[in-house]
Structure formats: structure tokens, C-alpha cells
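Number of protein chains: 8
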Amino acid sequence: MRTTSDVFHLAIPTHDLDAAQDFYVTKLGCKLARRYHDRITLDFFGDQVVCHLSDEIVDEPRLYPRHFGVTFRHREDWERLLHLSRTRDLPFFEEPFHRFAGRAEEHESFVLRDPSHNLLEFKHYADPRMMY
Amino acid sequence: MRTTSDVFHLAIPTHDLDAAQDFYVTKLGCKLARRYHDRITLDFFGDQVVCHLSDEIVDEPRLYPRHFGVTFRHREDWERLLHLSRTRDLPFFEEPFHRFAGRAEEHESFVLRDPSHNLLEFKHYADPRMMY
Amino acid sequence: MRTTSDVFHLAIPTHDLDAAQDFYVTKLGCKLARRYHDRITLDFFGDQVVCHLSDEIVDEPRLYPRHFGVTFRHREDWERLLHLSRTRDLPFFEEPFHRFAGRAEEHESFVLRDPSHNLLEFKHYADPRMMY
Amino acid sequence: MRTTSDVFHLAIPTHDLDAAQDFYVTKLGCKLARRYHDRITLDFFGDQVVCHLSDEIVDEPRLYPRHFGVTFRHREDWERLLHLSRTRDLPFFEEPFHRFAGRAEEHESFVLRDPSHNLLEFKHYADPRMMY
Amino acid sequence: MRTTSDVFHLAIPTHDLDAAQDFYVTKLGCKLARRYHDRITLDFFGDQVVCHLSDEIVDEPRLYPRHFGVTFRHREDWERLLHLSRTRDLPFFEEPFHRFAGRAEEHESFVLRDPSHNLLEFKHYADPRMMY
Amino acid sequence: MRTTSDVFHLAIPTHDLDAAQDFYVTKLGCKLARRYHDRITLDFFGDQVVCHLSDEIVDEPRLYPRHFGVTFRHREDWERLLHLSRTRDLPFFEEPFHRFAGRAEEHESFVLRDPSHNLLEFKHYADPRMMY
Amino acid sequence: MRTTSDVFHLAIPTHDLDAAQDFYVTKLGCKLARRYHDRITLDFFGDQVVCHLSDEIVDEPRLYPRHFGVTFRHREDWERLLHLSRTRDLPFFEEPFHRFAGRAEEHESFVLRDPSHNLLEFKHYADPRMMY
Amino acid sequence: MRTTSDVFHLAIPTHDLDAAQDFYVTKLGCKLARRYHDRITLDFFGDQVVCHLSDEIVDEPRLYPRHFGVTFRHREDWERLLHLSRTRDLPFFEEPFHRFAGRAEEHESFVLRDPSHNLLEFKHYADPRMMY
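Residue numbers (the numbering used here), protein chains in the order written: chain A, 1 to 132; chain B, 1 to 132; chain C, 1 to 132; chain D, 1 to 132; chain E, 1 to 132; chain F, 1 to 132; chain G, 1 to 132; chain H, 1 to 132.
Treat the hints as calculated values from the structure; they're not laboratory data. A hint or two may mislead.
Covered stretches of chain B, as calculated for chain A (at least 3 residues, CB under 8 Å) [stated by the list, open to error]:
#, region
1, 1–11
2, 31–43
3, 68–82
Where a beta carbon is used, it is the ideal one built from N, C-alpha and C, also for glycine.
Could you build the full structure based on these sequences and the hints that come with them?
What follows is the structure in C-alpha cells.
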């Protein structure tokens, strides 16, 4: 469990603010909070993600060691996001798959790719106690 | 606001699992959830951070474009973490400072450095509506 | 008291979507959810306000019979919004005043004006039971 | 998400306080908080709606640019209100319909008309993330 | 602690529905939910009180064995209600007094009298664990 | 909706403290908080009921104008209490019945009788908005 | 953080059910839920403690390795319990003291002794993150 | 119901800290908070359990008079823990059984044994009001 009043915040690189806003707000359904000349700040599923204009863009995205996202306690939320991702034709890095299959910490996941090659993983665990 | 039941999750690189566990659990006061041969998973202020064993370690940490952390709604929580960081002699990357001073989105921040040069920023905003 | 999961929604006219987004998002600190050719939808203090492109713009705004806004239970929230309104130089229709002074339902209020002359009233009651 | 402790408030015109109270309280099931010679204040689904006695009554109601209402996160709440509206024979301006059908922000809606031609829209979204 | 979703309900006699509505809604600040020819139902501090038209009216009210009311966890809420009672000149049956003074279960209380001689007691305990 | 932190409190007569404790605690499953020579105080479904030793006992109980109880938002809670009442063979004053059948405010109810003839009504509404 | 809906439960020995009920309910202010010939079950600060009639009573209580109690997040709750313990003259095993003084996990504590020599420790941490 | 902000805490003996950590963290899925030379502290289903290095280890565990654990309000949580216990091959002291069968306070339970013979009981009640 976590508090409702605090927020996790993450800063990531983007090569273009318009492309980032198009992906995160128009497509992924996050909300735009503030925009500056060099960054945009987003309400990302209730937490804060900030996209900073940068040259440090990865050519080929790989899932490890860096990615971020949300783990949904309720499977319907994970399913609805999967549905939105397909409906809005978002770029998939990984189609839905199982990690740690057969183990108590088994979970389902899919991974999207943003325009600057940041990878976003969305998970749902069979057992919510395993969400950490 | 965010839900209590979902969690943000972030994967970051670490060069050594013991060093990561010492920093995050023993020093920073997070909780160890699971440990594998190649990663540890943590309850990081109510969200999930996973440290993956990796060679991709930054030599010289810089605050932009990548960092992560928590924004505390209540200043006492930010102060107590600052106090714990000093009490336990954690490595500071930035002593407490103000960002956007004089503006509505003004906030206080300090930044810690983990053993693999990941930077952790902890913030408190004068106006909680600006936390995104 | 109200639920956290439902939202109030209000549709109002705007003469220009950019002017509306500038006022509500950049200045007032609300969040942009969706933008279409003829409307923008906003997370307005946790509820939904939709600005529709329209010719039906009032020349001279008057407080009655139509206005909308938020009543804050905690005075600090009302004060911080007043401070942000001054800091960001938002157009005031009414400087802070008391309504029903001396009565149990006494409350403080200030009123802002958006670019299309919609009036926004923000209140704080001395007695929260009187918020309805 | 929104707080439980604050309230949205909306002021609208009514041509007759008894007609307004009959519609909102006796028929729609809202609660009467306070009544003055020139206004009534209501607990409207947990938010505040104030009906002000006024001459500014629209002859022919149109859905745009002005209407208000509630978006219910849980479909059963939307269904029960639809059921109550039929049971109590409330005036419908629009029978239930879909807006943005086939899109991620698809939602169901019906619209009631109050005695002074204010239009009340009640919505349910297929995806709660789209409620803003 | 109690749930937010259930309500306590109490049925009491009243000799006159208008007198009851005047006392509970106009004076005490409760909300009118429903009115029939023989009863009114009220949102009484979040619970339900129903006043039934009846001949069974007590001539002289006495505090024991029957009375009802609310115990406020936070002293400010108790104080504000006391203030409203004085401001609106409600009939006091007992001015504020202490019960069980010097004991762990010590609490402050005042008692109002409704038009049909029902007695309403409002309490605040020094130690919230003693509220039962 | 109501707060979790406040409690409704009700004082009722009992002819015998042991009989009251047996009914409310041993049978009905409420919790005993405090016992004095002349009263017992109970955690009654999260609110406070106090049974005062008294001669004022009604010979023949009638549902109007006085009774009290709980309205459950979730039907399973109402059903489980009904089941417990039958399992523990509690005295029924009214077997389950419908009140206001066919109307929006329709609800199910059953009524128990305590040893001093106080009547306890437990309700569930088809539409939770009608719980007041 | 923990859920509101689950409960921790602990079974401990008691040499006498009346002595246990006198200590836990009459003195410590917990609530009696159920009583059998061989055990009593208690609402102990929101969790469940069950006292089982037993011969396995420790002659001389020692704080380690076994004790139980509550850690209060808010210091006022810890202080009020300390005050109640003195007011009601409960047996202290340890007067208030500090453990881990000077360290981030520093906390205040006092320890009571029940009639069967079970030891109850009540704590308050300077930093709530250290409560585990 | 219980608060989210406080924690129950329990101190128990362990003969070996590594064995305790392996059982509670690696197998049972609790989280390690702090480790000292003579104890480990755990986030045990949201409450605190501390394992103290000790000689006082019971040779043969018996369920009475001492055991501890969690009562889950929602049966799915109890089922998932049962599933995890089987999946990870934890030592069962008692396979799932019913206690008080046929009575209102009927509940299901299973009991695990930790490496130092402490017994952990996990329950689910048919009627949540009986959880105390």
C-alpha cells in the first residue's frame, strides 16, 4: 500500500516535447500539468513523470536495466489500458507475456515504447502481496 | 492524488546487489521484498523499485535527464527524510535547494546518490497542487 | 462529503481554445486531459470542466445567476489558491470578501474571470457543515 | 480522483424556488441544505448546486455550450439513477446514448431537463481513466 | 471507527412536520432528504433520522433514559456546533458540562431540545478511545 | 456518506443490564465497551448505544414512532445479519419485508426486539442514494 | 501502512478469564467481543487478541523474547494511553523510555503487565517510516 | 475496523536470524525492514513482527495458548496465501479446517510453523462482524 497524498516522480529524456506530449497525453491518456521550454510535467497514473529535452536518447531500447510503469492491483485496470493501447495503436515493445510463470510472484506484463525509446511496462500480479 | 492500491515501478541498474541492499534497505530505510541472483525488489516509499545487476553504470552522475524519487505532500515527511539522510550519513549529490523560487511551483529538494550513481531526488512543494 | 471516485462535470463556453488552455492549465494550474478541434477537457481540482468553442459569450460578466468553482474545506488550500492567483496575476472579478457575515453560514470568497467571461468563485466556510 | 472533503459548487438560474426544490429534492433525490427568499442550496450528489431566482431563463435548452452533471465511475450508480429517472418520470432531454463510440473515451450518457431548462448530463465511461 | 458507507438510523416522534423541518434543517443545519405526509427523513450529521408525526410527545423532557446525538472526534467540530447553536439561538436543555470528570472517559457535552421535546446530546471525549 | 471518525450515539432504557449485555453482545455480536452499575456502553455496528437501567419500559412494542438500527449499503451485510439473527434465534418483531415497494426509495427491512422491548430495524435500500 | 479491513490476531495465555476481562476491558479500554468458557476475544486497538485459559503462565515476566502491543503513528495517541494507564493505575513493567536513542529508528516506549504476566509494549517512533 | 496508520507489533523468539529471514521474507513474502545482530524486524502483512535471537525455543509447538497471524476480510486474500504456502512448500501445522462450524462465528483457518516453532494462523470468517 502507498499513500494517496505523496507522489513518485521520475525524470526521463525526450528528444522532442511535442512528440512526448502527443504520446503521453493525446495517446496514453495522461494529463499535462506544466510545460516549459525544456520540459513537460505529467500526471502519469497519479504520479509525476517529467520529460526533459535531451540528446541522451537510446538508439535501441532494451528492457533491462531501465524501464518504468505501473502495476495495477485490479486486472480490469490492466486490461483497459491494454485495450486503449491497441485502440489507439500505441507502439508495443513487448506483447502481453507472463514473467515468473508458475511461481507465487507470477505476473502479466506488456511493454510500450515512447518516441524517445523509453520503455513503459504495465503489470498485474496474480497475488497482490507480490507487487513489491 | 493517486490510488493506494496500485504501485509505480521503476527498474534501475546496480553494479552490486549487496551494495544496493545496503544503501536502500539498511541506510535509506526501504524494505526488501524479494532477492534473486540478478536483482532485488524493494518497497520504495510504497512503490516498487527493482535494482538489476548490470554493466550500464554511469561514471559521473548528472541530475538531468534521469533521476527519480518522491515528492512529499507534508513537509514533516520531507524533513524527517533529510534528517535520516544526515543521521545515517548518506551521500548527498545536492544539499537542500529551491527550484523555481518565487513562482507558484516553487519547491524544496535534495538529491542523494546511490552506490551505482543513480540519483534520488526528494521534493516538497509550497503548493501541493503543483506536485505534478 | 463526496466520493473520491465520481466526478462533477460542467460544460462552459469559450471563444478560443488556446486562450482557455492558457488560463486553466498554464495559469490556474489545472491539468489538460483531452483536446479536440472544438473543446478541451480539464481535470479541474479533481472534477471535469469542458470548454466548448462557442459564440455564446457573455459581454459583461455578472456573478448571478451563473458561476462555478470550488469550496475548500481547509483554509490553507483556499489561501494557497489566492496566493497563486496573485502570483500569476490572474484577473480578479471580486477581491476576497465575506458573504453572510455574522451568520453560521458565513464564508470567504474571491472570484476570478476566465478569458470568455466565465466567473470562478472559490470559497471557504467558517463551518464546514455549511458547505452545502 | 478527487478529495472527499472539498466540494465543487455551481450557481444556476431558476424561475421558481418551489419548482426547483420539487425537481431537485423531491424528484431527483438530492438534499435540501438551505433555503432563502432568493435561492436554495443543495447537496447535489455530494457537491453544491445553488439555484438563484432569476429572469435569465433559456427558452429552448440546448446541450451546448452549457450543461452540468455527474460522471459515475461505477456503472451500477449510473443505471440506478437512470432507473430512478424513469420511475419518477423525470423529463428527459436525451435518452441514453453513446458519445465517441468506438474510441477509448467512449461513454454512455443521458440528459435530464430541470423546470428552468437547465440541462443535466449523467455519464459513465467504459474506461475510468477517461473521466476527465 | 465506523464505515463511511453504512448509516445509523433513528425514528423519533414529532408533533408537527413543519416545526421539525424548521428545527433540524433551517436551524440545526441538517439536510432534508424526503418528505411525506406523515414523516420527514433527514441526513443528520451523515446518519439518518426520521421524524414521524405522532401523539406520543413527552411533556417534560428528561435526559434519561432516552436521548441521541453525535460524538465528535475533533474538538473543533464540537465547538463549531456549539457556536452555531448559540448563533442561531437554539433551545438548550443543558449548557456545556463535563461528565465523568477526572476519569479516562471524561467528556464534554451539551444538550439541545427539539420542538417535540426530543433531547439531542453532542459530546467530545478527551480520549477518542473512550467514544464507545 | 459519513465520517469514519465520529459516532452517532443513542441512549435507550433497559430493565436489566445482564439481559441487555446478553442480547447486544452475546447474541447480536456488538462489543461491550464499558459497564457501570447503572448502564452499559456498546460499540453498536461502529456507533455508540448506551443502555440505561430504567423503569420506563414499554409494555407492548410498536414500530412507530420509535425505533433504531442500521442501514447497510451492501446487501451481503444485511443478509449476514439476517442469517446471524436466525442462527442465534433472536426475537423477530417483523420478518423481512419491503417498504415503499415499487418506488425509488424501496428497501428491505427486518426488525428485532430487545429484552426491554426496544425495536431494532435493519435496512437495505435498492438505491443507496435513498438511504437518507 | 496496513489495510483497515483485515486484523492481526494474537492468542495468549491467561490464568483467569475474569482477571483478563477486568484488565483488558475495564482498565485498558479494549472492547469485549465474545466470551466462552475457556477464552475471551477482544477488539484490541482494532486488532484481535484472544486470551486462552491456560496453566502456561510465566512466573517472572521478561521483555524478551515475547511481548506485544501497538505502535502509534501520532504521538497524542501514545500520550493519551500513557495518561489512561496512570489514571487507571495499571501495572507498569517499564516506565517510558527511549530505545535506539540518537538513531533514525529512535522511539519511545512504555510497557504494561497484564494479570498473567503477558507484557504489553506501546511505542511511538520519531520517524514513522521506522515503524517496521 | 482498524486504522491504517498504526501498527500492531509482536516480538517472538527465533533460534537463527537467517532461518527466520528465509522463512518470513523469502518464503512467506513479508518484507525485511531492519536487521541487527540480535533481531530482525519485518513488515508482516502491514504490522510489525520482530524476531529476537533466543534460547527459549519450544520443542513441540502446540496451537494453544500461543499463536499469531492475520484474519483476512476477503476470502480471496486467504485463498491466495494458502496457494502461496503450497506453491512455496511451507511447513503446515494444520491443513485448512473450520472452527465453530455451524455457528455465526464460524471461520476457516490454516496454520503454518516457522523454523523456531512459532505457529502462524490465518483465518477467514464467514461473517466479518465476527472477526473480533
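A quick look at each hint next to the structure:
Check result for the region 1–11 of chain B against chain A: holds, 11 residues qualifying (beta carbon to beta carbon below 8 Å, three or more required). Check on the region 31–43 of chain B: 6 of its residues sit with their Cβ under 8 Å from a Cβ of chain A, so the three-residue criterion for coverage holds. Taking a C-beta to C-beta cut-off of 8 Å, the region 68–82 of chain B contributes 8 residues in contact with chain A, enough for the three needed, and the coverage statement holds.
When held up to the earlier numbered hints, the structure conflicts with none and fits them all.
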